[in-house]
Amino acid sequence: MDFWRNPVTDWVSGLLVSWGLSPEAAHVLTAFLAVLVLISVVMVLDIFLVWMERKIVARFQDRLGPNRLGPFGLIQPIADIIKLIVKENIYPRGADKVVYDLAPVLMMMSVLLLWAVLPLSPILFGVDLNVGVLYIVGVGALGTLAIIMAGWSSNNKYALLGAFRQVAVMISYEIPMVVSLMIPTILAGTMGINGIVQAQSTWFIVLAPLACLVFLISALAEMGRAPFDLTEAESELIAGHHIEYSGMKFGLFYAAELLHAFTFGGFIAAFFFGGWRGPWVDQYPMLGLLWFLVKTLIGYWVFGWIRYTLPRIRIDKMLDLNWKFLVPFSFALLMFLAFMHSLLRGTEVYVLGMFLSNVVFGWVTVEILRRQARQERSRVEGARAAVNAGQKT
Amino acid sequence: MTAEQILFLVTAAVMLVAAVSVVTTRNLIHAALWLIVTLFGAAVLFAMLRAGFMAVIQVVVYIGAIAILFIFAVMLTRRELRDRGPQLNPGWWLAAILALLMFSGLVLVLGGWQGLWAAAPAYPSEFDSVQALGQALVSPEAFVLPFEVASVLLLAALIGAVYIAFQRKGKEE
Amino acid sequence: MIPLSWYLILSAALFSIGLFGVLARKNAIAILLGVELMMNAVNINLVSFWRYLDPTRMDGQVFAVIVFAVAAAEVAVGLALVISVYRRRKTVIADEIDLMKW
Chain A
1 MDFWRNPVTD WVSGLLVSWG LSPEAAHVLT AFLAVLVLIS VVMVLDIFLV WMERKIVARF
61 QDRLGPNRLG PFGLIQPIAD IIKLIVKENI YPRGADKVVY DLAPVLMMMS VLLLWAVLPL
121 SPILFGVDLN VGVLYIVGVG ALGTLAIIMA GWSSNNKYAL LGAFRQVAVM ISYEIPMVVS
181 LMIPTILAGT MGINGIVQAQ STWFIVLAPL ACLVFLISAL AEMGRAPFDL TEAESELIAG
241 HHIEYSGMKF GLFYAAELLH AFTFGGFIAA FFFGGWRGPW VDQYPMLGLL WFLVKTLIGY
301 WVFGWIRYTL PRIRIDKMLD LNWKFLVPFS FALLMFLAFM HSLLRGTEVY VLGMFLSNVV
361 FGWVTVEILR RQARQERSRV EGARAAVNAG QKT
Chain B
1001 MTAEQILFLV TAAVMLVAAV SVVTTRNLIH AALWLIVTLF GAAVLFAMLR AGFMAVIQVV
1061 VYIGAIAILF IFAVMLTRRE LRDRGPQLNP GWWLAAILAL LMFSGLVLVL GGWQGLWAAA
1121 PAYPSEFDSV QALGQALVSP EAFVLPFEVA SVLLLAALIG AVYIAFQRKG KEE
Chain C
2001 MIPLSWYLIL SAALFSIGLF GVLARKNAIA ILLGVELMMN AVNINLVSFW RYLDPTRMDG
2061 QVFAVIVFAV AAAEVAVGLA LVISVYRRRK TVIADEIDLM KW
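Residue numbers (the working numbering), protein chains in the order written: chain A, 1 to 393; chain B, 1001 to 1173; chain C, 2001 to 2102.
Isolated chain A, as found in the complex:
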């Protein structure tokens, strides 16, 4: 488990050693530099994401979006940041100051930490952790913590209610997320994310489209984006956990949310769409970065598409969806796909068989749901008919 070992960092630490540093110190210093560079690049990307998000939403709503500052309004996010920085820093009365200040930092951290395991190209990744899949879930736990800290320390009941909702959602949606991530793990035979990407000579979206769907839904819930943005439902809670935050502290929450969506676009690309895989990657490994970014941006766009198309779901319906549908569904899917995988592995019909078994599984689920919905409808209509009959007499 070497941290940031690739040709670039090897060259830098070689340079540092030639300047007279001990190899160990050079290694530590290089790792620090690499982390610094990665975080800076990601944060600059984040600024660009603000612009992109606003452009996407504008197009969905038949508007133009920012178009005054610079070409295509590209400088607009910089102006936004300047505005956020010069805003007054407000502490609500009765706030728990240290916790209040810590929460946005932790929120941003929980997103930035995810980039440590994201394989950007065959040779460019933070660390190929052998428990990478679980690491994602663990870092998500830090995000939960940040939200509950923000909600509690603001000394505001709407903030606390938003935090409660978000934590309930995150803890329950963690289960289908872990289970749906177990499926690429089983298919690839490793929990390391780079290993999973390497194993995708056929993309896992073909072998396990249903797992991708479950992961997409639980990722949306984990990020707290529409249609699952109950934590900041404007019509009910005003702004949820970050209601009391102003200036750059609010900016950190906002940036973390956008970057979270982008990062999960990256994970969907890595788990189901072959990550850095693409033409000519074998000859030029750095080309993987381009393929990866393209796939990630498509994933990000899909998140935006869902966000601006679907209305918000009610909190009880949302928890029902998780506990009554997604959890049993994902467990059954995991067992079924693991069985099919061990049955078909090595045969010629492996890819086709896996895909067809997904289709069959999805079809059976839809049939069961349809039957249930029919029963429910006839029950409700029967009750209504009884009530109507009672009113007439």
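Simulated from the structure, these hints should not be mistaken for laboratory data. Here the structure is a predicted model, which means the values were calculated and not measured. For each residue, glycine too, the CB sits at the ideal point set by N, CA and C. Any given hint could turn out to be false.
[What the hints assert, rightly or not] Partial pick of chain C residues on the chain B-facing surface, computed with a CB cut under 10 Å: (1) Pro2003; (2) Asn2040; (3) Leu2099.
For chain A, the structure is supplied; the task is to place chains B and C on it using the hints.
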């Protein structure tokens, strides 16, 4: 002093300060947050011991679930989110003496042991501890029975917790 | 290289601090926090013994995993009990929950 040792000492100092704060802070939410710092320190130690799986599970289970449950419980058992009055029993000095005795006793027992200053054996290369752990947990020669018993325990705890905390509708007070 | 003793002494200290918390705290939830500290100390011990004795034998890690499961079960039931007691008696101070004393 190597980088590893410095890392260990810093982590240990943070953990000890956090642990002392857990048992002495007046504000219970802060105590729970300090507990999270301690648990995170333990995760760092697991990572340093090359038990990456344990480190991640520590964060997922302890910080993601247990610590958040604690924060919830603290909030649910307060009518106003303030803690007043002393949080320690009148006989806390007795407890302190007992804890000190416990610590010195443990150190004394450890001091008489041969392998105390042993360095770690070389970590076998190409050895995947995650795979070995998975096989140990499900192989009949190793630990499948305790593993199954643990899952039964978790199920029992799940049902028990739901039953105890369940509030029947219309029976408020 | 870090000798085994560092880990063991750290975990002994954590265990003692946890013991102090269990004995000295008034609030039932704070007592449970102390129990968590003690369990963590045990886990550090188990994992460091795994690393320092024989990394190819997984006994230490398996034990630690089972401690995780037990800790989760203990917290779920313990906090459910505390919340249930709070609903009935409006207190979580361990000394005031004394109906069974007489």
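Right, here's what the structure says about each hint:
1. Pro2003: Because about 5 Å separates Pro2003(C) from the closest Cβ in chain B, which is inside the 10 Å limit, the hint holds.
2. Asn2040: holds, 5 Å
3. Leu2099: The hint is violated - Leu2099(C) has no Cβ within 10 Å of chain B, the shortest such distance being about 17 Å.
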